[in-house]
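Following the hints, position chains B and C against chain A.
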Amino acid sequence: MPHDHHEHLSPSGHPFRADDDGHLTYWQAMEIAVRELLIEKGVTTAAEIMGQIDAMDARHPSHGAKVVARIWTDPDFRAAMQADASEATREMGYDIGPMKLIAVENTAALHNIVVCTLCSCYPRNLLGLPPDWYKSRAYRSRTVREPRRVLAEFGVNLPAGVEVRVHDSTADMRYIVIPSRPTGTAGWSADALAALVTRDSMIGTGLPKSPEGG
Amino acid sequence: MPELVRVRADMPPGHVRTPAYLRGKCGVIERTLGPFRNPEQLAYGVKAQALPLHRVRFTMAEVWGADAETPTDTIEAEIYAHWLEPA
Amino acid sequence: MKMTDKSHQFDGRRWHDMGGEIAGPIPDASRDFALWEKRVDALMIICSSKGHFTVDGLRRVLEDMPPSSFEEMSYYERWIASIAQNLIEDGVFSTSELGQRITEVKRRGATYGEAADA
Chain A
0 MPHDHHEHLS
10 PSGHPFRADD
20 DGHLTYWQAM
30 EIAVRELLIE
40 KGVTTAAEIM
50 GQIDAMDARH
60 PSHGAKVVAR
70 IWTDPDFRAA
80 MQADASEATR
90 EMGYDIGPMK
100 LIAVENTAAL
110 HNIVVCTLCS
120 CYPRNLLGLP
130 PDWYKSRAYR
140 SRTVREPRRV
150 LAEFGVNLPA
160 GVEVRVHDST
170 ADMRYIVIPS
180 RPTGTAGWSA
190 DALAALVTRD
200 SMIGTGLPKS
210 PEGG
Chain B
0 MPELVRVRAD
10 MPPGHVRTPA
20 YLRGKCGVIE
30 RTLGPFRNPE
40 QLAYGVKAQA
50 LPLHRVRFTM
60 AEVWGADAET
70 PTDTIEAEIY
80 AHWLEPA
Chain C
0 MKMTDKSHQF
10 DGRRWHDMGG
20 EIAGPIPDAS
30 RDFALWEKRV
40 DALMIICSSK
50 GHFTVDGLRR
60 VLEDMPPSSF
70 EEMSYYERWI
80 ASIAQNLIED
90 GVFSTSELGQ
100 RITEVKRRGA
110 TYGEAADA
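Protein chains in written order, with numbering that gives the first Met the number 0: chain A, 0 to 213; chain B, 0 to 86; chain C, 0 to 117.
The following block holds chain A by itself, in its conformation from the complex (with noise of 0.2 angstroms):
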């Protein structure tokens, strides 16, 4: 993702975002002021902001979706993943910090799909930040009493027979969905599959692509 917040500089040479020409509101006026109090009584620098931004910046769906295809091609990376997925993600190279991740599996018989009722939990360290429509009213209200029409509203009409489970991330634990393996992929590469792999379809709200685009 590009470091967007880099583009333009100010007259006095910061750099700022388009955005930043929008009247000063309260809050950002807050946040200014928070940042650098703590600036100025050691408990951070603007180099560790501007490292923790950049940090976030870098994790991306795209990353799940590594981990999802290496599930779908590696049978000792999966049995790892169902062991210890924290441990498993670590081990492939992603800097998930201190998150504990519990990996969801879709079957034939099983759709996954996760919520947070209580707050806007997430497995952002893997994934990135989530999506407005995660934080809603609508989706934190709906989805544990009526999944399959919160489902139907994304475009997914699941199968007759297939059980849907509503992971809600009451507590410590992070929850990615792994999705079913899109039939016609046979021999695929990682890096192939991996595209197939949309950031929807590792909340539960969304199936992967199928090989021929749709």
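Keep in mind that a hint or two might mislead.
Have a look at the derived ranges for each label pair, beta carbon to beta carbon [as the list claims (entries may be wrong)]:
hint : chain 1 : residue 1 : chain 2 : residue 2 : range
1    : B       : THR31     : C       : THR94     : 41 to 51 angstroms
2    : C       : GLY98     : A       : ALA194    : 50 to 60 angstroms
3    : C       : PRO66     : A       : ASP73     : 46 to 56 angstroms
4    : A       : ILE38     : B       : ASP9      : 40 to 50 angstroms
5    : A       : ALA54     : C       : ARG106    : 25 to 35 angstroms
If you want the ones that stay clear, here's a sample from chain A, every Cβ over 10 angstroms from chain C, calculated [to be verified]:
hint : residue
6    : LYS40
7    : GLN81
8    : GLU86
9    : ARG89
10   : GLU90
11   : ASP131
12   : SER140
13   : ALA159
14   : GLY183
15   : LYS208
In case anyone wonders, no lab produced these hints; they're calculated from the structure. No residue lacks a Cβ here, since even glycine has one placed at the ideal position from N, Cα and C.
Using the frame of chain A, we list chains B and C on its own:
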């Protein structure tokens, strides 16, 4: 035999990670994790007790009753040990 | 309905505890975050990892906000409010220190870009 548990039906004020819609409901323990420190205590900066964390599976029928969209669909949630009692 | 009727009927379920509530369509919302929002996110991670507050404390303050805050404030507006309160509770800075700095920040200019240029 998976352990059958009931979520306590208490309604305390303050920071609690047991969703209201699951209180009083019965489910089975899918796996046990932790121990993790009690968020109800961490939220207030008081010394927090480490507790087992149980993933509990509920049927939609159990949670929503006659209203359930699909009674055999399931919900799984992480519930701290002090919120569970034998069913 | 009188104010006392509503409180007499309160069953203990707090407003943030949304599971199972009736709600409308899932909004088709997804957007990039502004720099100031990414900074808020970063401050939360940094300050909590350094022990100034916990994610539980962050949530607790968010939950103690009134129900209207969820509709009237954006996600990161609520987060910076919670971060500030948690840092005050941890004694990192005082309410008046923060207030004075906000005043000074606003004096620098009318836009975020100008005000962030210390």
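Results of checking the hints against the structure:
no., hint, verdict
1, B:THR31 - C:THR94: 41 to 51 angstroms, "holds, 43 angstroms"
2, C:GLY98 - A:ALA194: 50 to 60 angstroms, "holds, 51 angstroms"
3, C:PRO66 - A:ASP73: 46 to 56 angstroms, "holds, 47 angstroms"
4, A:ILE38 - B:ASP9: 40 to 50 angstroms, "holds, 43 angstroms"
5, A:ALA54 - C:ARG106: 25 to 35 angstroms, "holds, 33 angstroms"
6, LYS40, "violated, 6 angstroms"
7, GLN81, "holds, 26 angstroms"
8, GLU86, "holds, 20 angstroms"
9, ARG89, "holds, 17 angstroms"
10, GLU90, "holds, 22 angstroms"
11, ASP131, "violated, 4 angstroms"
12, SER140, "violated, 4 angstroms"
13, ALA159, "holds, 24 angstroms"
14, GLY183, "holds, 29 angstroms"
15, LYS208, "holds, 18 angstroms"
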